[in-house]
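Heads up: the protein sequence lines correspond to chains V and Y, in order.
Using UniProt numbering, read the first sequence as starting at 1 and increasing by one per residue.
Using UniProt numbering, read the second sequence as starting at 1 and increasing by one per residue.
The reader is advised that the hints may include incorrect statements.
[Said to hold, decoys possible] With a cut-off of at most 27 Å between alpha-carbon atoms, the simulated DSS-like pairs for lysine-lysine come out as follows: (1) K331/Y x K76/V; (2) K76/V x K414/Y; (3) K135/V x K17/Y; (4) K134/V x K15/Y; (5) K73/V x K331/Y; (6) K134/V x K331/Y; (7) K17/Y x K111/V; (8) K112/V x K331/Y.
[Stated by the list, open to error] Non-contacting residues of chain Y with respect to chain V, defined by C-beta distances greater than 12 Å in every case (computed): (9) L4; (10) N12; (11) W14; (12) K15; (13) I41; (14) K246; (15) N315; (16) N408; (17) K481; (18) M497; (19) K719.
These are computed hints drawn from the structure, not numbers from a lab.
Glycine is no exception: its CB is placed at the ideal position from the N, C-alpha and C atoms.
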Amino acid sequence: MIELKNIEKYYSSKGIKHYVLRHVTTTIKQGEFVSIMGPSGAGKSTLLNILGMLEEPTYGTYEFLGEDVTTLKERKRIELYRNHIGFVFQAYHLIDEMTVYENIEAPLLYKKVAGAERASRIADLLDRFNIVAKKDLFPNQLSGGQQQLVGIARALAAQPSIILADEPTGNLQSAQAEQIMELFKKLNVEEGITIVQVTHSEKNAQYGSRILNIADGVVKDDITVASV
Amino acid sequence: MFKLNLKIALRNLWKNKGYTFINVIGLSIGMASCILIFLFIRYQLSFDEGFKNENRIYRMVTDWKYDAFDDYSNGVSIPAVNVVKNEIVGLEKTAAIFRRWSIIRVRDEAGKDLIKNDETIYYSEPDFFEIFGAKWLFGNSYEALSQPNTAALSETSAKKYFGNVRNAMGKSITMGNKTLLKVTGVFKDMPKNSSFPLNVVVSYQTFPDKADDCWDCVSSGNELYVLLKDGLKAEDITASLAQFNKNNYADRKVAGNQRIEIEALRAIHFSEHYDNFSYQNIGKTQLYGLAIIALFLIVTACINFINLSTAQAINRAKEVGVRKVMGGMRKQLVMQFLSETFIVTLVAMLIACVLAELCIPQFQNLFKGQLELGLFQHPVIFIFMILLVLFVGFLAGFYPSMIMSGFNPALAIKNKVALNNGGLSLRKILVVVQFAISIILIISTIVVMRQMEFVQQKPLGFNSSEVMMVALPNDSLNRLKHENFKQRLLSIPGVKMVSFCQNPPLSPNINSSDFTFNGIKNKDFEVRRMQADEDYYALFDLKLIAGKLFAKGDKGKGYVVNETFIKKVHINNPQDAIGKVINSNGENIPIIGVIKDFNDLSLKEKISGLTITTGKNNYWRAAIKLDAKQVFVADKKVEELWNRMFPSHIYSSTFVNEDINGQYETEKIMGVLFKVFAGVIIFISFIGLFGLISFVATQRTKEMAIRKVLGASTFELVKMLNGSFLMMVFIANIIAWPIAYLFVNGWLNGFAYRMELSVWPFILAMCITMIITMLTVSIRSYKAAVTNAVDALKYE
């Protein structure tokens, strides 16, 4: 599904290059659950941003579903966002002025899903995540865990093939974090959705099937997690 | 999608109630002013619109080219009326319309006056109504106006004189004392926005002087209209017109290169040289000036909007980022932000309509009810409003929406978007522009007000306080009563002096003529001729500097001239002028005295060279000097006496000082408009500034808290926040000064007597803006500076 070859990223200031990523080469297959780990400043988020096409690598090629996406036009990239990629953020990033229902609906509107279909999909998601009663509330009326549930529901609404999650449980208490990770695992196993998450927590990484350890911009280890 | 956007937009606007309020208020006041100005301009442009043949109707006017100056009149000489018909090729119809004033009476069978009214009457040929396609309620153009001693009334005047329109037909009205006119037609009122305020129209056949053959006598009351043949344009008759001018003026040796020109109907209202019957003409430059002010207003209001929106953009960065990774196209985001702007603009427009509607009566008052404005007057007003909403929506919304939709999602999501805070940001430039506009208007307002004071306080060279002018009936019968009238006036307690004359010393009613001086024809200027009796000089306190004045009973003729006159004929010593001979009316008359100069025209004009002489048969006003303490009592007594002496006439009186001030009516209106619009722009600018400082203060709360923890005092914090704003306003002053200077200097140059343009209006404008800025900004920054540091820091 994803092929990275020799990805490099640096920022140059005053002629000195500050490398963030060096020679990253890896493949992520359909249905994998990958956790990217490493100390602060190692380049985890940059790698995830490159995967999500939010940043462009300085060198190297990136193929998504067999297509070179390093130099993609905005229109094409947005097509991918609409149909294949769902984002989950550490700080949830729900739109404050929209209700839970509207937040989940937004990507479907961009995808131009018809009204009836939209309603049934949202109803389904609300039901699955047990937040039917909360659908008319605004984000600031919810707890962190509930907000992240909405965030994930929103990411799932467009039925993506991959979810990119940047420290999805970073702002949550451990009980809520566990709930979220269980959910990810379930989505991965039952629905075959590819998941790539950045995390600090060894424990969270264990939910996945594979761990990429990054330090100073270089992939140090690529471990397969023994299934429990 | 649209519905959702709408909903989100409303929630967003509600969330930022303060800024929304500022935006809506600023925009709606700006738009209301714009609507008013548009209504006014549209009304002016609609003058003489909609007549059937409006593109083929022209007015004949007269031009002179003397060696030293040009002169213009909207009238033509009487013999031209008949000759134009035959000599100029390409005219379908021609019609003379002459304005005169007369008393109109409606009498009962016993001959007693039922109604007596001072009217402006028009002698008109029937074709006038044909040319303009006027509507007749009764009769028609030819039936009504072909015969002598017939008259047509407008609907309004028919009702005024006879109760209703039907009654008026066939009845008689009396013009003056004895001319009986039969009402033979009633026409629909001329529209208010026309140059023809016709009420009582008398057939041209009734006009007593229609056989006059003086080619160089041109009165501004005698207008002549022509209708070109279908398909012809003004150019098509120029050759014929030139031939006419040669035959009738050049070949007749009429003075001053007199000639006839033609002027299109739709140009009459905007004419700078030629007057018209409605006295309402307005220069196109004045309309452009107003349009520029309207543009200023709208730009100022839009700048507020742009500034507040871009300032708030950071708050919405996250939303933009999220929407983008969910698959929102930039185009869609732009649409979303634009629709928010349009909602605000639309709301502002609704409020603006209400405000405009509330202001229309005041606006009309300012123009003494000569205007007829309304929001629903014409469909084009509605179109203008729609265009205004679109224009403002785009102007105010486009830039912010481009900025916001252009955020990089990776940075936006992390709230790391940086709008360039240092350097020369667009926001700062806009604030400077906005304030420069305000300052230009402040300076202009101060200068206009000061010049008006100057004009009112400048010594005019004569004393007219408590002098009233009353009409003096001047027909041969009443002339016999004049001496008696004077004696009885003087016996009224409170009346100090009485003089019979034509006009007060300062008056726009000019009678001027070319002349010979000591037998040599003067080509440099025309002499203004005034006629007054011997008491005139003492009454108006005119100072003699050489020779003598008239004394009662003087039989011989003589001129009293002013200093300007002798200077213009190159005599340095006033004494030398005495005894020189002037001929301006066919008689050689010597100069007997020289008086000190006084302003005989408004201060926009220089003093004319003039002569004053006695003219027993030509006095139509009496100047009456009253005792300051008894003005009101004496005023009443004078009126009573007048009505007893001249029962068949109508009393009218004015105070000279009021008349003099009346000459600056346009300037006064301009002063008021400047004051109002400058106020509006200042208000808009400052609420915008308040919005901006509020935002900056919120943005920098954390920084301020940290500085406070580090030991900064409240004063230092306020200073820090205010600094950049004061700097911007200062720069705006520097930029505005030269522009304002050019502007006000140009305006002042329109006055022959203008105040010295000092640096003070400029300094004053700077002080005003700086002080208001200080206050506006300090209110908010003080509040920010005294917030508890802990509250600001405990987040994150």
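Any of the earlier hints contradicted here, and which numbers? 6, 7, 9, 10, 11, 12, 15 and 16
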